[in-house]
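Visitor: For this one, chain A is given, so just place chain B on it according to the hints.
Sequence lines, in order, name chains A and B.
Position 40 (the first sequence) corresponds to 40 in the working numbering; numbering is contiguous.
Start counting at 1 in the second sequence, then tack on 1000, and there's your number in the working numbering.
Please keep in mind that the hints were generated in silico from the structure rather than gathered at the bench.
The structure presented is a predicted model; accordingly, all values stated were derived computationally and were not measured.
One or more hints might be untrue.
[Unchecked claim] Derived lysine-lysine pairs resembling DSS-like cross-links, with alpha carbons at most 25 angstroms apart:
| # | chain 1 | residue 1 | chain 2 | residue 2 |
| --- | --- | --- | --- | --- |
| 1 | B | 1391 | B | 1375 |
| 2 | B | 1293 | B | 1314 |
| 3 | B | 1391 | B | 1401 |
| 4 | B | 1314 | A | 90 |
| 5 | B | 1375 | B | 1494 |
| 6 | B | 1431 | A | 12 |
| 7 | A | 90 | B | 1311 |
| 8 | B | 1431 | A | 100 |
| 9 | A | 100 | B | 1314 |
| 10 | B | 1337 | A | 100 |
[What the hints assert, rightly or not] Coverage of chain B stretches by chain A, computed from C-beta distances (three or more under 8 angstroms per stretch; other residues unrestricted):
| # | region |
| --- | --- |
| 11 | 1048-1057 |
| 12 | 1104-1118 |
| 13 | 1168-1182 |
| 14 | 1334-1347 |
Quick reminder that beta carbons are idealized off the backbone N, C-alpha and C, glycines included.
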Amino acid sequence: MKLLVRLIHDSKPIIAQVVRDTGVLINVDRARSDAHEGEEALVDVPDESCMLVSERMRSLGAEVSILEEGIRHDEDECVDCGACISVCPKEVFSFDDDWKLQVMTKRCILCGRCIQSCPHAALSLNN
Amino acid sequence: MEKSIDEINRRICDGSARVVTADEMPDIVSELGEEGALREVDVVTTGTFGAMCSSGSFLNFGHAEPPIKMERIWLNDVEAYGGLAAVDTYIGATNKSVTQMESYGGAHVIEDFITGKSIELRAQSSGSDCYPRRSITTEIRLEDLNQAIMVNPRNAYQRYDAAVNTSDDTMFTYMGTLLPHCGNVTFSGAGTLNPICNDPNLRLIGSGIPILLGGAQGMVVGEGTQHSSAGNFGTLMTTADMSDMTSDFLRAAYMYRYGPTLYLGVGVPIPVLDLEVVRKTAVRDEELMVSIKDYGVPSRSRPVLRQVSYKELKSGMIELNGEEVRTSSLSSYRRAKLVASTLKRWIEEGQMTLCLPTRPIDPSKQAKPMRETRKVVLVQEIMLRRVVTIKEDQDITEAAKKLLRGETNHLPVLDEQGRLTGVVTTFDVAKAVARPERKVKVLDVMTRNVITTRVDEPIDIAAQKMEHHRISALPVVDAQNQCIAILHASDLGKLFKSGGNKP
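Pulled out of the complex, with its shape left as it was, chain A reads as follows (with noise of 0.2 angstroms):
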């Protein structure tokens, strides 16, 4: 399950404490830090232990949001022409035989790069 997490300024060492805390190994997909929208991070951690981390995480004063899944693909709005497929750090997306567009959200860390990419609004974030 992904999670996404924001951070407040000067916070403390969150991830770190709750992999120390609940000794849940979290992967970090993704990280910003910016000097107006604060800090995020997207991280991957295991299905079972998805609510322990985004409760410890909350009470450590981090803003959590659980992510579903990754990019949202409107097969009505897409062409087929695959102008996302190479934008994408992680291969999500790719062609079948017949050259339709097969998406693989498991590999998705939500970046963003395929939603400006592609020409036709067919790729949008679930929230």
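Guide: Only chain B this time, still in chain A's reference frame:
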């Protein structure tokens, strides 16, 4: 052996014509030989589905009461051409909405029309004795129009050069998102299915021949604008009635930070009259070569990195400077196949017969660049030569003083040899003052990755750099990276002062 067009049409009418799509033809010719393929196949259908920016439609709204001669026209706030009397207009695909997000444009108006949506028409007029009305606002649908005739000046490019970006920044172009440092390659076109690729000498593609356009039966008007078949870049001018189009073959699109465009399906059936047609329609993706051009260089003549075939491009990965680089198509090969197979079905069912061009298209034509009679304004004409600079090892307080004295927000930072190594802004100094812990030298707070310009760079390119990076000044450097001047965004205003250098 040769076949006549009449013979082929007789077979289409009695349902015995053998029609194949262009991607099937190479294997048929390999298997049956050229003579065998000529006997066996009557029609080869082609197809492409991609961004065709140079597209649009003529619309006639019918007369209002009291009547108006529309001089300025907006459809869902996208301006349409007002130079045609009185209730005619032409809506171009790439025009942006004046009020909505720039992601809505003429292409979206066209798609909304064909999917049955209601469009707001606004028009203004200066009025005349015969057309007294000054303005009108109304809601219209496609079925309310007298005519909605798509006429596209430039469609169905024979092939299109692939794009790459060697610069340090992601670029957003009509060729899609181009990642920095050759991070990806984008391309367009259906290769072996492309219409003109199957008739490169334009023997059978010309004025009047039937085509599929946007899902409607249409025709080729003649050569397209910028037609340059001598360089393998032929184009077609096409037309069809919008009332017969469907969203399977017509989709509005928005290229991020470029603007709206129209994705269109175009397919041309080619009658297999003789061996020459057999040979040309047997073309394979590996024989169709294009250049990979560097969009990181903002010039008409972009450097070519290498030649590449459609086969390599379609494989999803190509080799570039010893590294594997992933490719993205911007056109849809799946939909291109749908265009070719739909044309095939039409002909098999006798819904479309073929004809020879009423006027040929010149296969030897070469497009010319624009004649320019006024010189482009260069950075050196408006840059500030008196530039205040600072050294790397000076204190931040010194930088603050210079910024105040120089009445500037940007201080180029120089090393001992006078070479540009960074920039310090008032924001950097303010940050350092707010968090004084360790940062005392210019070196500690300066921005190292400096975007620069040169004296001979066109001012529009410098302005685009500032917009892209959201910065307001560019140090001007020479070949030795010595900072010789600075260009401020505010200086761009000089271009518009009366008596100044007008662009």
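Visitor: Of all the hints given earlier, name the ones this structure violates by number, lowest first.
Guide: Hints 1, 8, 12 are the ones this structure does not satisfy, whereas the remaining hints hold.
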